[in-house]
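Trainee: With my numbering, letter number 172 in the sequence shown gets 175, and the count goes up by one each step, no holes.
Simulated from the structure, these hints should not be mistaken for laboratory data.
Be aware that a few hints might be false.
To be verified - Cut-off 25 Å, straight-line C-alpha distance, at most; resulting in silico cross-link-like pairs (DMTMM-like, lysine to aspartate or glutamate):
1) Lys48 to Glu65
2) Lys280 to Glu254
3) Lys198 to Glu324
4) Lys76 to Asp214
5) Lys76 to Asp158
6) Lys76 to Glu103
7) Lys280 to Asp189
8) Lys76 to Glu254
9) Lys48 to Asp87
10) Lys198 to Glu260
11) Lys48 to Asp67
12) Lys280 to Glu297
13) Lys280 to Asp308
14) Lys76 to Asp308
15) Lys198 to Glu222
16) Lys48 to Asp59
Computed from a predicted structure; not experimentally measured.
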Amino acid sequence: MIRLLCVGLGGMGRHDWNSAIDCGGFTAVAGVDVSEEARTAFAEKTGAPTFTDMADALAAVEADAALISTPDKFHAPLTLAALDAGLDVICEKPMAESVEDAQRMHASAVERGRMLMIHHQLRWHPTWFEARRQVAAGAIGALRRIDHHFSVHSDVCVRGYRSQLRHLVFQDLSIHHFDLIRYLVDAPCVSVYAKDWIGDEPGLTIEAATDAIAILEFEGPVRASYTASVRELIDPVGYICQARVHGTEGELFIGQEQITLQTRAAHAEGTEPVIIKPEAPAVGTWAAFAQAIETRQPTLTHSGDNLQSLALMFAAMESSETGRVVVPITG
């Protein structure tokens, strides 16, 4: 069993450390959080000691890896401290609040021979995992366009620290979606044009953008359109998102539980689209992290790859602020 130090026990952190334990490959050896309520819930399930400071936890217990699932501004310093202590790390998204901090995190992991994985679990979701397989196998020919849509009606996003994120959608959510688009395209992004804004909703007094759009252009050429809202009233698609993926020879529609595939040849013959209901991949997020620790081989969402997704997030934020097309910069 891999001994896991869990830092950030509430919110997404609670989901993350529960998933780690439930997957069967990890045992929690300590938890760190400033919230007494979060520490109590963690201790009741795991029986592990809890702390309010990660340094105290590192001094008190032996661990192989750390989960960093705190508010974004703490990702870089806590990850760097864990790497300095010789631990492999899985860090919640976004990787860091600046490209420079993310580069330092990646460089530290490489220098120390540690695994640094970013928790982009949607790459292992059955429909997205299968969509990537279909695209890579040439099922729709050469990829040319992706239309990606995300919408929820979330109260969580408009309170707490998230309500103070100027670029809420891009920073807290689009980082997942841009990563999924990159996962399918598998080519460098050359430009981003984006806009985000606060929805005109009576009684909503926050500084955070609730809606966003973006156009991303990749080598190929492949173009992606992106739309997002956290206050959708009618038929929100949910956190798994939806996408239409267009190729030279066909099209995929990615839904919550299934993929619809239609080729130009089949359409011309009057053949109905194929419905694919994929099973979960053999390896999920936490099993992939365990494999990386055991084999010392990077995962799908290792820090070096994630720098590319993070660059799209920052490019979208810059484009929205300046009104210009932005070239993503990773280093």
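Trainee: Now, for every hint given, state plainly whether the structure supports it.
Mentor: Status of each hint after checking the structure:
1. Among the hinted pairs, Lys48 with Glu65 is consistent with the structure: their alpha-carbon atoms are about 19 Å apart, no more than 25 Å.
2. The suggested pairing of Lys280 with Glu254 holds, with an alpha-carbon distance near 16 Å, which does not exceed 25 Å.
3. For the suggested pair Lys198 and Glu324, the alpha carbons sit about 8 Å apart, so the restraint of at most 25 Å is met.
4. For the hint pairing Lys76 with Asp214, the CA-to-CA distance comes to about 22 Å; that is within 25 Å, so the pair holds.
5. Between the alpha carbons of Lys76 and Asp158 the distance comes to roughly 22 Å, so the proposed pair stays at or under 25 Å and holds.
6. As the CA atoms of Lys76 and Glu103 are separated by approximately 13 Å, the hinted pair is consistent with the 25 Å bound.
7. Restraint check for Lys280 and Asp189: the C-alpha separation of about 23 Å stays at or below 25 Å, so the hint holds.
8. Restraint check for Lys76 and Glu254: the C-alpha separation of about 40 Å exceeds 25 Å, so the hint is violated.
9. Distance restraint check for Lys48 and Asp87: the Cα-Cα separation of roughly 29 Å exceeds the 25 Å cut-off, and the hinted pair is therefore not satisfied.
10. With a C-alpha separation of about 30 Å, the suggested pairing of Lys198 with Glu260 is violated against the 25 Å cut-off.
11. Distance restraint check for Lys48 and Asp67: the Cα-Cα separation of roughly 20 Å lies within the 25 Å cut-off, and the hinted pair is therefore satisfied.
12. Using a Cα cut-off of 25 Å, the hinted pair Lys280 and Glu297 is violated, with the two alpha carbons roughly 31 Å apart.
13. Between Lys280 and Asp308 the CA atoms are separated by roughly 28 Å; this puts the pair beyond 25 Å, and the hint is violated.
14. With a C-alpha separation of about 21 Å, the suggested pairing of Lys76 with Asp308 holds against the 25 Å cut-off.
15. Between Lys198 and Glu222, the direct Cα distance comes to roughly 22 Å. Compliance with the 25 Å bound is thereby established for this hinted pair.
16. For the suggested pair Lys48 and Asp59, the alpha carbons sit about 21 Å apart, so the restraint of at most 25 Å is met.
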